[in-house]
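Protein chains in written order, with numbering that gives the first Met the number 0: chain A, 0 to 1011; chain B, 0 to 495.
Keep in mind the hints are simulated off the structure, nothing from the lab.
Some hints here could point you the wrong way.
[Unchecked claim] Subject to a maximum C-alpha distance of 30 Å in a straight line, what follows is the list of computed DSBU-like cross-link-like pairs (lysine-lysine):
#	chain 1	residue 1	chain 2	residue 2
1	A	Lys103	B	Lys488
2	B	Lys488	A	Lys951
3	B	Lys323	B	Lys251
4	A	Lys981	B	Lys263
5	A	Lys392	A	Lys409
6	B	Lys323	A	Lys951
7	B	Lys251	A	Lys981
8	B	Lys341	A	Lys919
[Unchecked claim] Covered stretches of chain A (in silico footprint by chain B; criterion: 3 or more residues with CB under 8 Å from a CB of chain B, positions within the stretch not fixed):
#	stretch
9	298-308
10	382-394
11	475-482
12	729-741
13	822-835
14	884-890
15	973-985
[What the hints assert, rightly or not] Restraint-style ranges between C-beta atoms, simulated for each label pair:
#	chain 1	residue 1	chain 2	residue 2	range
16	B	Asp320	A	Pro505	57 to 63 Å
17	B	Pro216	A	Ile405	52 to 58 Å
18	B	Pro325	A	Gly976	25 to 31 Å
Glycine included, each C-beta is placed from N, C-alpha and C at the ideal position.
What follows is the residue order along each chain.
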Amino acid sequence: MPFLKIFGFTFVCWVLILRASYGEDETVDFNRDVRPILSDRCFLCHGPDRASAEGKATDLRLDDRASAIEFGIFDFDNPTKSELIARVTSADLDSRMPPPDSQKHSLSGEEVKILSLWISEGAKYEKHWSYLFPQRPDLPEIKNPANFFNAIDAFVVDRLKLEDRKPAGVADRNALIRRVTFDLTGLPPSVTEIEAFVNDEDPLRVAYEKVVDRLLSSTHYGEQMARFWLDSARYADTSGYQYDRERKQWVWRDWVINAFNTNMPFDQFTIEQIAGDLLPEATDQTRLATGFNRNHPITIEGGVVDEEYRTEYVIDRVVTTSTVWLGQTFTCARCHDHKYDPVSQEDFYRFYAFFNNVPERGLNGFTPNLVVASPLDAAQEKWENQVAKLEEKLAELNTPINQWEIDVRKQVAKWKILPPVKVVSSGGATPKTMEDQSVLMVGKNPTKDDYEFVFKTEQSVAAIRLEAMVDPALVNGSASRGFNGNYVLSEFVVEVKSGDDASYEPVKIASASADYEQNRFTVDLTIDGRVDATGWAVDGNTRPDNRVAMYSLETPIPPGMAVRIKMLHRYGSSHQIGRFRISASATAPMVGPLEDLLAIDLANRSVDQTNQLRELLVIKFGSEEAREIVKELRFVRAELKKASIVPATMVMQEMPQPRPVFVLERGEYDKPIKERPVSPGLPAAIGALEVGGPQNRLGLAQWLVSSEQPLTARVTINRYWQRLFGVGIVKTSEDFGAQGEYPSHPDLLDWLAVEFMESGWDVKAILKTIVSSRTYMQSSRIAESDYQWDPENRFLARGPRVRLDAEEIRDNALAVSGLLDGKTGGASVYPYHPQGLWMEVNNRPGYSRAYPHQTRAEQLLRRTLYTFWKRTVPPPSMATFDAPSREYCVVRRSSTNTPLQALVMLHDPQFVEAARFLAKRMLDSAQPSVESRIAFGFKCCTSRDPTGAELKILVTAYQQRLDQYRTDLPAADQALGVGGIKITAVVDRAELAALTQVARMLMNLSEFLTKG
Amino acid sequence: MHPFDDYCQRQNRRQFLGASSRVGIGMAAFYSLMRSGKPLTAMDDQQKSLAISNGPGYGPGNPGPVHFPPTAKRVIYLCQSGAPSQIDTFDYKPTLSKLNGQNLPDSIRNGQRLTGMTSGQTKFPAAQSIAPFRQHGKSGQWISDLLPHHHKIADDICVINSMYTEAINHDPAITFFQTGHQQPGRPSIGAWTSYGLGSESENLPAYVVLLDKNSDPEAQPNYSRLWGSAFLPSNHQGVKLRSEGNPVLYLKDPTGGSLAQQRKMLDGIARLNDLHKQQVGDPEIDTRVAAYEMAYRMQTSVPDLTDISSEPESTFKLYGDDAKQPGTHAANCLLARRLAEKGVRFIQIYHRGWDHHSGLPSRHRKIAKEVDQGSAALVMDLKARGMLEDTLVIWGGEFGRTVYRQGGNESNFGRDHHPRCFSIWMAGGGIKQGYRHGETDDWCYNITRDPMHVHDLNATLLHTLGINHEALTYRFQGRDYRLTDVHGKVVQSILA
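In isolation and in its complexed conformation, chain B is listed as follows (with noise of 0.2 Å):
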């Protein structure tokens, strides 16, 4: 369709909404969208109304369209802030235990650049696993034994062991994977998401953000801006689902209303609302209204979903008991299959205790153990309840750590910040199953073959979604932005 055509469709908002399959929102691609989910035609007036005001694909109940078959609806990211070891988890290096307490060669580092905290260093000695890594499953997956309950799903879990990524430290290294920039000033990944696709449930918001307790003493912080919305619309940023006070902020009535008192207000609100309307003819009036309908209905969603006791004992087996306690890892785990659950599109996780530049022996197993029984039991649960396949689950920090030692000596030592490769892994939403991709040399220093980029990443992320990353783009000073900025390629060899 030709712009022009598209503005004056677009003219009579009403039309608009009732129209066809042809409403690319967002996307400058128009010529190969596709369609899921229930019709545009089939949402009431509210909905339409608040999809109007707050752009493409906000109309809650109402995905957007897409450029081809999505694999996945949804995306569950557990992000393990602070940065993971690779070589005490995922990637095995045999070679290490000769190679332990060896002094990383030069021609091995290269040259490159290391952070302002081990760049003062006169040695480099390697350092092996600090625990053994064992095969599991039918497909052999190689993961150590820091993470025993990750045995359990080697076969469902894509394990990648060549990611690398360009920032250094945690600030613009998390920022680049939320946003695809290492600066502030772009939106993240679930504001894309939101913008694209809206939610499928009517009474949540398409993005919630779950953050865990932090337990380590030198806890990265997190930053509004990893799930904000920067340039997109602020509707798109992430929804924080508290584990302490009111779930969603500013959700109880303070002064003690009952929900049907408040349901009479609303009426009162409304029917006032309604006969300004009719005196000033602005159809912000009747969006307001419908949003006002939505925050009501949230009153009783978001309680019911942070409400654990209906579920069974088997729950809490599989979570562990962690699970009890609101804003543990496993609890959020749970609360993220919940959510998934009643529609939400895009679901993150936020683990921050990984950054250990001293002790990491024992502070790695700690927060392990804390992480390691909720991931697994949700891929593990989303299985069993047949959401796995179209759900995508990805695991993993901003960064790896190095094989050399960050002072402390054999026994107990730090690891600094790793840019040049790290491992993470993926599970569901049309991903390879007990599947490993990329290697790294030797020394778990660089990446030997097929080197995937945070680009390359999200790029895939938004294709299992039913997205072309390249057409999802929104302008702003002139530019069509892009989750992927002008880079990022679908990696196709992992797809299932």
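Here chain A stands alone, though its shape is the one from the complex (with noise of 0.2 Å):
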């Protein structure tokens, strides 16, 4: 179908073609048959809008019947012979129409004998079809009631019988519990889902719609429903332009979640969405909803004129709220009047005052914004949860966590000052002791000093410990000589001798720690074995203080030698430590956190510090098991942390005073026409505010789902169509205009636009309704002649049929795998992506990011619904699938058939991953043979049994590639070896692999990306 999509004026045809089946005795429909001639061919020149015809000017309007017989160009007793027929059909280039020039077709003589016939009938004119309120229709008489399961059939089966045909006969219970699932969920049904529903002995419809109900009550139902309104809602997680950085506006994505799983009626989540700040009975949830209009894209880059972007984001707000709830092109009229439909671009400039009052800047415009929790806010309940296991378990493992204590607080170090001795200066300084056993160097400066420090040791030496202090004599009153404050020491030796005769020996240093460290000085320099410019400093020119290093020795040194410690200052600059004191410990020193959480008494400890003074103790001491426990508890306990973190999400806001808005010549920003000012409103031909009520986005909002409103319900209940069907009953879902395509069952669409409202715009009920329809419930089984006769199945003569979207095709292979991590909401996360992709494309330094590559399941095997999206670069096998870039809104998708999907299908780690986990996952299915296990991954992935010439070729792949890696183990283990979710304990890798190579033909069927 979608080679048809691309013919922008296939629409035409299609009212040809229905047109064409009625018959010579059929009067003329002004909406269906004659509106879209004269739109497509006239109104670009003879249309709304006045501007029109670019120079050459010309009054007459064909939109307008007063017009058209002001200029005389209709002769009600000689149709043939009227003005207007003689002009399309001119032979004469100069006088005919459409002008050559324009690029618009002649009229084809059926077109032509149309307007003819509509002459001769009195060249009546219409509202255009979508602007006249939608009545429930009569349904119409049927025949055979084993075709009618609900309404929908009898006006599907009686456009058929125009036709001469049927519809199909109902398909089978596979197809149809795959096809639902789909639809409603966005996931594939479960093996034992479709066994339970094909072994229902219930009556099909009876089982089926336990299943519907089931659906529409999973999580998974709200997810899949919000899917495509993000789509609808631009919504992304990067700003857009330039550098294109994050945003976190995820806690709204939740909101809609949340919405469409409680089934909140269509009508409160428009107001919400539009306006929900502006209720009287305004919460934080309802202004969290108001994210929708504040999805844009924002620009930071710092060189634009800050009105010109505010303008666009505005700009933007209307062209998207028109197209969502109203399929209207308003975007045409931003420059000029619309050049086929009653949208003035007056009308446009007031629309667009209900979206200018907002308190934002064009640059950076972040604000305003809301700290709101996300609706459902599961994140920091899981995350809970798992705390609590994992604590549960921790504590059944009975660690000695007092007796550990009190070990280790044997162990922290006592240190002994040494007073000094013999202090030596090779640059000529002078030492001079202090009261606290300190040493201030004195005297001379050079610019490299290295100082020597004796001692003889009294008990044995497991650690030293070197004191950088402060003096007032010093530089700025630091602890250095040097001329900023700073000091860099650049090595730390320590030596011993035995006795008097020996010569000093070093003694190996096994690591040393400090409680400051400068970027790139850092103290391990100190004993790196390299005597240079590198080494310890402490940023003492801006932050001069008492610093501590310490160095534990690998074996300690026995009483009774003499040690001679080396302090050696390379760096230049007089970069000396001016005054220092050592000490000397029997015991090593713990570092860090361990030592400082055993200094708080027991009674002053933080629940906090409490967890962490154990968790460090088992890292300590504990068993390997015991120690995962903690490492898995520590993980967790920081994702809490992040969880209940919650950012601020940009909303929609009202300024106390509405900002002036004029009409903006040829809608630049900086061009406002004074003369023209206009105030809050719609175009007249599509309706009015309600007088006495809110004339802002609340009037607007309230207007939209209002029963006095032709559109929101049938635009809606269009794109529900499209999903399913895959073409909407107006396959221009976003064009209800009169450029737009007319409906191919407008009696079906107004029935179920009156349905969708009168039962209070109950979004499930309506999709219960469609689901439930033999028309959606038909095979998709076709003959090829079948085929020709309706390829994109516009008759509706048989089922659905249509590729999944790119984002359930990801999710069906995480499903089918059993990978799939069923989490809803929270931040979104960072699955399996090329290296390198964000970088290549955006690497300022400072401005730009790489991807950050995870490699935790709770990010990579999320639903695609939550993949961190980025607008400049988007998931690219995302948008291989046609996934929009999410810059603007888009509201139907194309539907493409391409190399590069293979490809990505065949290598993208995300799926080669999930092929070993299906092949896992047909391992341990107990199923006895291999054809069974390879028939059980097949049934995972189509929903069906494999027939047995299906099987009969997987069984000789796997064969053939079992005996392969039986003498190729490394390639086996390559195979089994892509992605990062690892599959332990493997008793036959040849096996795996092989069925590993199965899963991935399995998962690179048609039918595995195909809903039929």
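Dock chain to chain to rebuild the complex, using the hints, since each chain is given by itself in its own frame.
Spelled out as structure tokens, the structure:
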């Protein structure tokens, strides 16, 4: 079907098809038959735009009967002699309409006939069909009740009768459950679900209803509904322009999921999305909903003119809102009156005025915003549960925490200060011993200097402490002799000799630590064995303070030995420590958090500190099992902390004093036409705000879902239909104007719209009605001749057969492999992504960042709805399957079929990994034979059992692969090594690898990508 | 043909593709269609099926119809993102040496808006070119010493000194240049070309994008929308050929299977698909099989393409040693030539280091050195292979730079964005050689002769490909959109 989507003008032909099949006795229907011709060929110059015809002055308007009559273009007595007919059939290129240089087609014979017929019937005009309020039509008479499950079928079968066609049979249960499960949840049915339905002894419709009810109450239903809404709402996780940096708007996305899952009526949904902030009973949650109109891109480019971009944001809201709710192409009227629809440029700016009062800026316009928790808030709960579970597990291990604490306390270093008996400066500085046994260097101040500090051990020495101390006599009261107050200790050397005659031998230092380290001047550089300009520094120029470095020796120095410490300063610029003190300890120091925590009395420890201490002790002393639990616990605690931090969501807000609005000349921000001020309002042809009601966004929102409004219900229902059947009843789901397509089943559309409104805008109910129709439940199998008769299935003589959307394809793979993490809501995640994609497009230091590749299942295996969406680099496997960039509102995706899609399915690690896990499921399925295991995998992927021929191909492929891997186990390992989630304890690697290849074949079947 | 007949004909997909020259897919004008390349009927079924599914001009090896005889079969677009300074490269202004340091008169600036970066500046002292200009070739083309390799192609290129645009900042300006609209939402030039003309290659996409590795610390970002398809079917989006990892995303089998094994697997998949097709009758299944076949062909053709080891040493002499380093401008220029040889329709290269608001004299020199040899070599190489005559090469940024200094002093300064006049060059594909078009005033601030708008450039580009820019349209939201919106004039005076 994608083929036909390409031809913009196909809709005209569709109408002609409809027309042609009605026969000669049918009267002409203006909206169905005539308007499409006039609009497409004539309105560009003779339409609603009074400034039309650029230069070619004309006042004739063909959208207005009075004007047409005034110009005398109809001859009612002799229609074929009418000026209108004469001009569209003229052989003279100068007088022929449409003029050859307009790039418009000439009228066909059939079209001329329609116009003549129309004139002969009095050239009656009607308001455009979609502006007429829908009435509930009478149901056509049904002859064969077997073809009738509900009202929808009456309209469809009635239409088919005109074509002399009959509907197809009802699809088999396998196909049905696959179709409806994907449609309502975006996921495949599980084998258990399939079997339960297939084996359900209830009659089909009863059994089917149970399935539909189950699906509608699944949390995955809300996710699936939200996914489509995100395209309309051009939702993304980045801001779009220039460096396209991250924004956090996901709490709004969670609101949408929750609204669908709780089946919020669509009228309330609409009012809250557009004007939840203006409701008299507004809450944080209704304000949150208005993030809808803040999802547009926002620029951070330094040089922009603020007002230019602010104007673009407001225009984006006009375009998005008018497309999503009204199916109108207001965007055309930004620069001039609409060429086809009765929307003037004034109308555009009246609509614009609804959205122009946000206290926002163009550059970095990220406010106003609001910190509100996600209505799902499941993340926090989930992590809390996990913490509790892990705590429990840890408690079960009965770790002797108290004993460990006692043990570890013994290890705390007891420092003994060493008096400076002999201190030497190689550069000739003079050491001065201070009261606290520290040494202050005075006198000569060479550019570089080495100190020697000699002492004799009284007790065994396991660690040495160096204190660098500030002194008023030093530069700026720092601890340094350098001009700026900083020092660099290049190397710290400890030497020992056993007797007076022996020579000094170096002592190995096991580790060094310090309480402060300057960036790139860390203390470990003092024991790296390289005597150079690198070393330990402490930002002494900006942060002069006492600092401590500690050195643990590999083996303690016994008592009674002579020890020489060398402090080498080789940086230059006199970056020497100016005052220092040396201590020694018989026990090695513990450094870092453990020591800090032990220093806190038991009574004063917070819960957090107690936990931390316990976890540190487990890491130090615990069994491997306990250590693993603690590692997990630390991760989960960190996640919990993250989850409880809620980002601010951008929302709508109204300024107390609205900004004045003028028509903008050619739509340009800096050309307001001061003589043409406008106030908020609607195009007269479509409707008017309630008199006495609010004349602002709230008034607009209320009007959108009022019973006085012809478009919202039709447009919304049509999008649902498009989702379920591949093509809408109005194919141009984004355009219900004159250039849009006339509905294939106008009565059906109206019936559904009225049903939807009268149900109280009950979304689940209307979806249930549609999926319970026989029309939806038909088989999609088709003979080639039937296919050629109706390739797009516009007549609905068969069931829908549609390629899955990008997100559904990935979710399908995760689901059939059993990997899917079904968690709902929360911050966006980072699944597999090719290396380097973000930076290759955008790598400015300080502005750009690389894709944060993840290894944890929580990031890799969530539904695609939660994938982090960067507008300028959308996830490539999704873009390949026609997902939009989300830079602007999209209500209809293309559906292509390309080689790049094949490469994604074959080689994207996400799919290869899923295949491995599907293979594992096959192995674990408790099926007795290779055949039955493969058949199980086949069913996971296609929702049906394989035929014998199909199974044979797969089993043969399996055997070949198995033979290969048996003789080449490294190849099996490579095949099993793709992706980050490992299968531990593989019994037979060759078998798993061979099955993995079979699973890849299954996941590359056309059927895997299709709901049929 | 009447749309109705047209529709009936298309009801039968196969019949349609077997159908004749009247298949004016995607084009509103049916009357002057001509055909190029091999006949549609010669395509095998698989390719037909791909073409049908993915729209006009998609079938690999199947060029779409054109409106009149093309002078170019393909385009190589060397986009100098960030915006090179016309004053220092191609727009020779001898008067500026006298005006150097003088404040830009109000009479010249004429109240034009400035970016937020210099609108607060109180003085606008002019800065002359950072490099001397000389005449080159028989044509006496003026080119500055900043681009010495360009001196050798002086007689091949057509320099346009009178380009202008509407945007004053990078994102809207480059989006405008590549899609004809400042805001996101319109298809890129390459996507339009792919849509209208498709590929001549049976195993490569019609539209390929190469991103130069960036070396400037303030590099411009790129955006997928610059090679996106917007409302056109998404198969028309540009395919990135990457210098790291898989040259085309997901090209290699990560499980380490050989091509022979891949072949076997695809055969198995195809047989299964075929069995299912017999059951359900959905012709999309055949298309899927065809797509997998082309994917398989890409697995061999792309590595061949990117493997430059077969290039003789003379190639690297021409393009410079940079060409051995994947991701450099020179390497990408060389790849562009190889892609052109294989029938890729539209090849887009992005360099993005030209945005120098400070330190321009040294930074412009560095970037010019990165770009100069590869760009010039490409033209010489195409010429030597006889391909320049039907390959259109375009070189230019999204706007120009100001004659006045941004900050700094006489020897070290920046130049701000300048949309009111700038220079690009075009070569080959039916464009005049050794020619100069348009003129600017003594301050290099305003255009004084033959202004050429971005839409005019794009109209001319499509014209060389045999496409009437007013007739290559796609209906979206009730409107027949085109690359040039409702503007654009083919600049006849630069056509050879």
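Given hint Lys409 of chain A paired with Lys392 of chain A - CA-CA distance at most 30 Å: 29 Å, holds
Hinted pair Lys251 of chain B and Lys981 of chain A, Cα distance within 30 Å: With a Cα-Cα distance of about 21 Å, the restraint between Lys251 of chain B and Lys981 of chain A holds, given a limit of 30 Å.
Chain B covers the stretch 729-741 of chain A, three or more CB atoms within 8 Å, holds or violated: holds (count 7)
Check of the stretch 298-308 of chain A against chain B for coverage (Cβ-Cβ below 8 Å, three residues minimum): holds (count 7)
Distance restraint between Lys103 of chain A and Lys488 of chain B, which requires alpha-carbon spacing of 30 Å or less: Given that 30 Å is the threshold and the Cα spacing comes to 19 Å, the pair holds.
Chain B over the stretch 884-890 of chain A, status - at least 3 residues with CB closer than 8 Å: It holds, with 3 qualifying residues against the three required.
Given coverage of the stretch 382-394 of chain A by chain B, tested with a Cβ cutoff of 8 Å and a minimum of 3 residues: Our answer is that it is violated, as 0 residues pass the Cβ test (under 8 Å) against chain B, missing three.
Restraint check for Lys323 of chain B with Lys951 of chain A, where alpha carbons must lie at most 30 Å apart: 49 Å, violated
Pairwise hint evaluation, Lys919 of chain A against Lys341 of chain B, where the allowed Cα distance is 30 Å at most: Status violated; Cα separation ~43 Å.
Stated coverage of the stretch 475-482 of chain A by chain B [criterion: 3+ residues, CB within 8 Å]: The restraint on the stretch 475-482 of chain A is violated, since only 0 of its residues have a Cβ under 8 Å from chain B and three are required.
Verdict on chain B covering the stretch 973-985 of chain A, criterion of 3 CB contacts below 8 Å: holds (count 3)
Hint check for Ile405 of chain A and Pro216 of chain B - Cβ pair distance inside 52 to 58 Å: Cβ of Pro216 of chain B to Cβ of Ile405 of chain A: about 56 Å, so the range 52 to 58 Å holds.
The structure does not agree with the numbered hints 2, 6, 8, 10, 11, 16 stated previously, though it agrees with the rest.
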